[in-house]
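K.L.:
The residues making up each chain are set out below.
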Amino acid sequence: MKPLYGIPLALLALTFLAVCAGSARAAEPAAPTADIFPFPVAQKTLGNGLQVVVVPFDSPGTVAYYTVVRTGSRDEVEPGKSGFAHFFEHMMFRGTDKYSKDRYTEILKRMGADSNASTDDDLTLYHIVGPKRELETMADLESDRFKNLKYTEQVFRTEALAVRGEYAKNASNPIRQLIEKLRDLAFSQHTYKHTAMGFLADIEAMPAQYAYSRQFFQRFYRPENCIVLVVGDVDPAQVFQLAERYYGDWARGYRPTEVAAEPPQTAPKSAQLDWPNPVRPQILYGYRAPAFSTASVDWAALDLVGQLLFSENAPLYQELVVDKQLADNVSGGISAQRDPTLFNVFVRARSLEVVPQVEKTIADHLAKLGKDPVDPVRLDRIKSHLRYAFAASLDSPSAVAEQLAGMLAITGDVQSLNQLYRRYAEVTPVDVQRLARQVLVSTGETKVPLVYVAPKAPEPTKPEPNAAPGGN
Amino acid sequence: MTTTKMAWGVLAALALAGPTAEAAAPKKKPPVQKPAPKAVQAAPIDPKIETIAVPSPNSPMVAVRLLFRVGSMDDPAGKEGLAALTGLMIGQSGTADRSYADLVEALYPMAASVDVSTDREVTTITGQVHRDKLADYTALLVEAVTRPGFAASDFERNKDQLSASLTTSLRSANDELLGLEALQGAIFPGHPYAHAQAGTVQGLKNITLDDVKRFYGESFTRSRLLLGVGGGYPEGWISQLKAGLAKLPLGVAVARDLPAPQLPSGRRITLVEKATDSVGIHFGFPIPLTRADADYYPLLVATSFLGEHRTSHGVLYEELREKRGLNYGDYAYVEYYPFPPFTNTPTPGSPRRQQYFSLWVRPVKPGDSQFALRGALYELDKLIRNGLAPADFELTRSFLTNYTKLWTQTLSDRLGFALDSRYYGMSPFIDEIEQRLTKITVDDVNRAIRKYLQTANLRIVLVTNNAAELKAALERDLPVPKKYGTEVSADLLAEDELIQRTKIKPAAIEIVPVDQMFEK
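Protein sequences appear in the order of chains A and B.
What the first sequence shows, in my numbering, is residues 1304 to 1775, in sequence order.
What the second sequence shows, in my numbering, is residues 2 to 521, in sequence order.
Quick caveat, the hints were computed from the structure, so don't treat them as lab data.
Heads up, a few of these hints could be off.
[Unchecked claim] Below, a list of computed lysine to aspartate or glutamate pairs in the DMTMM-like style, where the Cα atoms sit at most 20 angstroms apart:
{"no.": "1", "chain 1": "B", "residue 1": "K324", "chain 2": "A", "residue 2": "E1456"}
{"no.": "2", "chain 1": "B", "residue 1": "K49", "chain 2": "B", "residue 2": "E219"}
{"no.": "3", "chain 1": "A", "residue 1": "K1686", "chain 2": "B", "residue 2": "E219"}
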């Protein structure tokens, strides 16, 4: 019941929910010690290293065919190449010798498929959801473009303009701009410094990167770096057969990226973001936090800290939004990532005047988690919430696939989901206190306040040209 | 989480005064006489709780949807936002027996919620819970719906939330939603659909807690309720739920007639001015069709061919984005589509008796805005002129027959579409699509295009910086070429010449500063 009236949905990108704690349907929430994932999982690794994961699911006649590439904006280590993984995702729809772009599109259209892709820090994800009877066509189409993608420089340049358009559509959203600024400020070495969209200057320089795009494909679109994930009305044996037939000749060649580690942060950082249209003041904080792992309870404990602070029944939420009504939104948490990341706190204050009080309230609640152990009953209620939320979230083949895809991209291991929920069950009040003390500290803090600053009177731009078309 | 039925506003203040200029008629045909949009009579009201069940015995989840026939169209003049605020006093507030804090605390361990969304005609309360928590959840749901607490602090918080959704979120945080909402206001001036679901800034200020209590008593009644249940619920549970909801008053039948929306006279442009680096483009006009009409289905095919939402095979997408790199995407709609930036397929919960046809051109660079608008008009004109070829028809029909089945993959969506269909008084929508598409021909589609689509009389909205400059350029109406940073084919440039020469022919251009949007 948390109000979404007017809360930009992009905020959800800040949370871990998209990856792990959220979707399902066909089973009871598992007891804390049992596997949380309620469906059987069949797996096979082909000779070239391609992992194939199949989850039969009760969706009569429908299958979700996903391909996980374990490369995202995290891999954009070369200067000037930020945003390239995302751009390249666009190029993957540009055809091959066997299936031209138009032919590819027509086949998918005829089958009535939902087909699209997305790029994040740690992965690029492609999907086709459509009729079961077209499973072989899906395998044929997908394997072909992953092996044989081909496009001209002219097509590449035009697509770069569409990517610039994608940036433009996002630019009016303060949350996206806050995230972009926060990451740029918080990281100095690691590629999490930029978002999956990339820096604007790099996006604008993309049309000139055709040669690099071919290298990118050769390097990252390799079987050892990909996972084919099929969920729905399928027989695993049939999927494995199709995988052998269509992907068996895909040559190895992946070279992992060496991503620079981010040095420890020793002092708080802050920078203001001016907003040219009237808005309520907003602040995004990031605290240096660990990478996703189930080797210890640490990451799981921090995820519970997110619930302790930002669920609607959390004392901080209740105080700021419901009782004192100083803010209309406070949210955040840790995201699941391959490398050390940020624990985020977002707040939108009701006015500039109350910002100091809002900041103090947040600081007090963060400090309290490190000082006083939380009530174990409260932790149990959070663990129950997470299990029921997970069970509720697995409500379609796509939802199941996306749960698994996020986890597979980060760890490469489908069991990570089950391990995570076991770790949640183990978290104690002492763990929460320890992680709060370790992570929610001022030396690891980066803060970006966003406030309205009226723009200067616009300079008159040149009149619209009336000349003949360019074409250069 | 609340369902994403945000309260996006509308251009209530859009005065559409101005000289009526000669309409830009389609080139090769005489202007087609469009059927007059019809006034719609309210459906008769059933005093019992009408219930639709979508059982799924193997599912561990149970879904509930309460569709009340009350929406922002029922807001009293000067109190725009009353329906949405009343909805929040159910979904985001305490009850007579417990505070809001206690309610969310009780719901939290079962990961359940009481979500309320308000649309133009209906308010939907939804919930989903694991079946082993069903009894506890049902009691809380019934309590929230039948015994709201109306606490003054909840009232102030929710009112502020709605106001901020207009002043901060819609005006200043998402240019695409701003344009989409502005278009609705422009298409339905002076109509009960004109203002946003969240109301207006001034309307919200005028609402008192007593107004909310009165509105709740009059509107959240059994007479207006359509109940939907789905999933793996046990035997006898529906009766228990209905017994709980029977605490709602029966209520009285209320006429909810709608005036006929009018086609604009000529192409009337609204420039919403704000600080922004790009220009979003939207245009449309009312059409006298809903899902309950036979002609809706051939027009659904035509619209899908032109630009199915968030897919990459529509004509608009191919011509404007793929070939010319103008923007991120371009789509066409045969009816209102809720929250287009956030969903890939339609979501249920927004049934309406009056609809509009529209095109959505996602933000372009300011220098490309005239070219993009002309490009979209050019493609729509071309469709009207040429219709669909038989092969395009067959392909689009095949696509829609399969694709629409993906719209009901989740329990909640299945239930939601079932309720919407009942609201329209028709058989289940997705089944209806398949049955209708089996029977229609390419001639039916082309006849529907000629009968309902036109470009002469449009409401056009552009969200832009430097509006005065753009207004002057639109009035000059001179060719503005698209400049490419790369070599492009001679064919493309030849067609660009035609696009550039397409006249926009504005009948009137109005500039609305963004801070006047959704104000009153």
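K.L.:
Taking the numbered hints from earlier one at a time, note which ones the structure violates and give those numbers from smallest to largest.
P.N.:
3
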